[in-house]
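Please arrange chains G and E on chain F, whose structure you already have, making use of the hints.
Take a look at the letters that make up each chain.
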Amino acid sequence: MFKGGRVISILTDFGVRDAYVGIMKGVIFSICPTARIIDISHEVSRHSILQGAFMLAQTAPYFPEGSIHLVVVDPGVGTDRKRIILQGKRCLYVGPDNGVLSLAAKRESVIQAVEIKNEERMLPHPSETFEGRDVFAPAAAYLARGVDITDFGPNISDFESLSLAEPSQSDNCLLGEVIYIDGFGNVVTNIPKEMLQDICLGASFKVRVQEVSKIAPFCEAYDYVPVGSPLLVVGSSGFLEIAVNRGSAERLFKAKTGDRVAVTV
Amino acid sequence: MFKGGRVISILTDFGVRDAYVGIMKGVIFSICPTARIIDISHEVSRHSILQGAFMLAQTAPYFPEGSIHLVVVDPGVGTDRKRIILQGKRCLYVGPDNGVLSLAAKRESVIQAVEIKNEERMLPHPSETFEGRDVFAPAAAYLARGVDITDFGPNISDFESLSLAEPSQSDNCLLGEVIYIDGFGNVVTNIPKEMLQDICLGASFKVRVQEVSKIAPFCEAYDYVPVGSPLLVVGSSGFLEIAVNRGSAERLFKAKTGDRVAVTV
Amino acid sequence: MFKGGRVISILTDFGVRDAYVGIMKGVIFSICPTARIIDISHEVSRHSILQGAFMLAQTAPYFPEGSIHLVVVDPGVGTDRKRIILQGKRCLYVGPDNGVLSLAAKRESVIQAVEIKNEERMLPHPSETFEGRDVFAPAAAYLARGVDITDFGPNISDFESLSLAEPSQSDNCLLGEVIYIDGFGNVVTNIPKEMLQDICLGASFKVRVQEVSKIAPFCEAYDYVPVGSPLLVVGSSGFLEIAVNRGSAERLFKAKTGDRVAVTV
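Residue numbers (the working numbering), protein chains in the order written: chain F, 1 to 265; chain G, 1 to 265; chain E, 1 to 265.
Bound conformation, chain F alone (with noise of 0.2 Å):
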């Protein structure tokens, strides 16, 4: 039976009124015609690598195995850093060496890791502009059809790795960061589920955002408290997140990412 080609999936800073996103995809039917195309998003901050890492890494877990993950965050378009694709235990990452592909990648655990070299995997005169249609969609298309990683270019022993910063505790205080604020205003920080375990529902804390401070209680979802009040809730991704039933925690909080965070019993 037809199972379907291999998923590839696009997450770029491209935005989504120019034609570029669609001419990669044009190119990537070009070369593997069966490929099953997703973008997760398009709307990264441009040129934000740790956010387009972020969400790449909230996003892989749930693609089926042998996704192919195709990233266009490249602020350093058409210099010497290197174009990259690192095979982990699940899937492939494919985009530049500037760590936007490594939280993902590092999470499941990279077995191999290669620079793009081989030209015969590139479009022909490929643009200094332009390396999504010229050198990551053709190789993420060529992986679609089966290449092997080794196909591309030599081994490297290295890359350039993110990594989120570390929360902390003490006595009776949980001191994070902001390190994503979604769509809606909630503010998502790098606390884990894990690190909530002793805490009660319905239980109240002082919640500080930089200079912002408000008293939320710690709920199981979003509309358990009136509409317009924060909230604390473990998010969709595993991190506790600010928010406010129905309104935006953002705003309320005045949050920025890599703002502090501390919630007080």
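Any given hint could be a false lead.
Remember, identical chains collapse to one label, so a pair may be satisfied in a single copy or spanning two.
[To be verified] In silico EDC-like pairs for lysine to aspartate or glutamate, Cα to Cα no more than 20 Å straight-line: (1) LYS89 / GLU65; (2) LYS82 / ASP223; (3) LYS82 / GLU115; (4) LYS193 / GLU128; (5) LYS82 / GLU128; (6) LYS117 / GLU220; (7) LYS82 / GLU220.
The hints are simulated quantities; they were obtained by calculation from the structure and are not laboratory data.
Structure of chains G and E alone, referenced to chain F:
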């Protein structure tokens, strides 16, 4: 001959900036590799159940028989509102039991309704804040694989229903309200084309939206009036629409969803 | 081996907030279940035929041979402008006869052109305000199913054509205009890379866009100048581009489409 797998449409208020929709698609392909996924929109106004319901009702009739419509506009996520599947005459509907599925499903008439309770048809350890990923996307994917609706949980005898406000007619006046405003600024009313059968093309009307009145002719298409001028037209969903040629009736009439509309000879 | 069905690209000015694009995809899959659909963009500036034409011309060469490009940028919908199909050497083009298809189709040269008139290839009772759904999407889907172009209506001997303004060269100065500004704020001119062959990498130029002048070097890629500095670069579509490293040339030069550009040694 291969005919393509089942079609799954997705309609949410998640926006396209975050990875949430991409994650749901990864889940779908993990369970049903042959599904064909179509985005209806992810820009339903946040938590606007009525708007989502209208958009789905406008869309579903154009999809192939057997399509599965997955809708997540769900301000009550994680509370005790039910998660349901409605089997219509043509299509299947998956989402929260808050009315968002009801306009579309009832239009084709509902044959069976079940509550989603079987945890084997969910991701393990479902999150309380992202049931789109953990409950609804798996349900749609298992349906696409051919799992029977009765496998997901018990039959239910009732579900939340919305209905559009009823328009009325008196002498020389049609009275209704604004049910949708599209991205072009076209103002869609709840006055169906069946109430317009006696109106002559080219005739002029006094059109009032809440407090703002203008004179506008009834035309077949936008470009029959000068650029910037208002007109009345039968919109593509079969309702009377107030429009401005290459402009925005929303701005001209300061229109909002729910505003009262009066059209007078 | 299954090779995937025909590729249909879609380019519109509909935006992604409304359900219109999703409805068109439902229509396509209802007629041709094996089509593979790719979005080019739905954010063409409203009613901007020239912008849509440029985006299509930039995209089509990267799509597989035999692709069907469905374009709905159509301020004259419902009036007597024709609905057409152009058979190019590589691909098929479906849309209104207002020039939006012409740049791309003529670049590969047009073999045959027909007017869409056969109502059996439309949805029943086509609406005058949404021919994308009722006329163009069905046409693209029937083409994808292999229906011959002659089945849709009579041959036409001519169609609306756009052309980009011609750049010129005098002594030490290149003169052109702004034809596109992308979401990064990169300003694309109509000066082709063939006119840049004598220019040395690293050389500096006076760049004027309408009333604003800056000095900028000619570089291979954005990151060769300091963050925030302007540069000239051969953009990915083969034209001279004015850019700012990790910034916006659109803002720096207050550029708009159609602005005059002068590059002087």
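Structure-based check of all given hints:
no. : hint            : in the structure
1   : LYS89 / GLU65   : within (9 Å within a copy, 36 Å between copies)
2   : LYS82 / ASP223  : between (47 Å within a copy, 14 Å between copies)
3   : LYS82 / GLU115  : within (6 Å within a copy, 50 Å between copies)
4   : LYS193 / GLU128 : between (43 Å within a copy, 13 Å between copies)
5   : LYS82 / GLU128  : within (13 Å within a copy, 41 Å between copies)
6   : LYS117 / GLU220 : between (49 Å within a copy, 19 Å between copies)
7   : LYS82 / GLU220  : between (44 Å within a copy, 16 Å between copies)
Against the hints set out earlier in the document, no violation occurs for any number.
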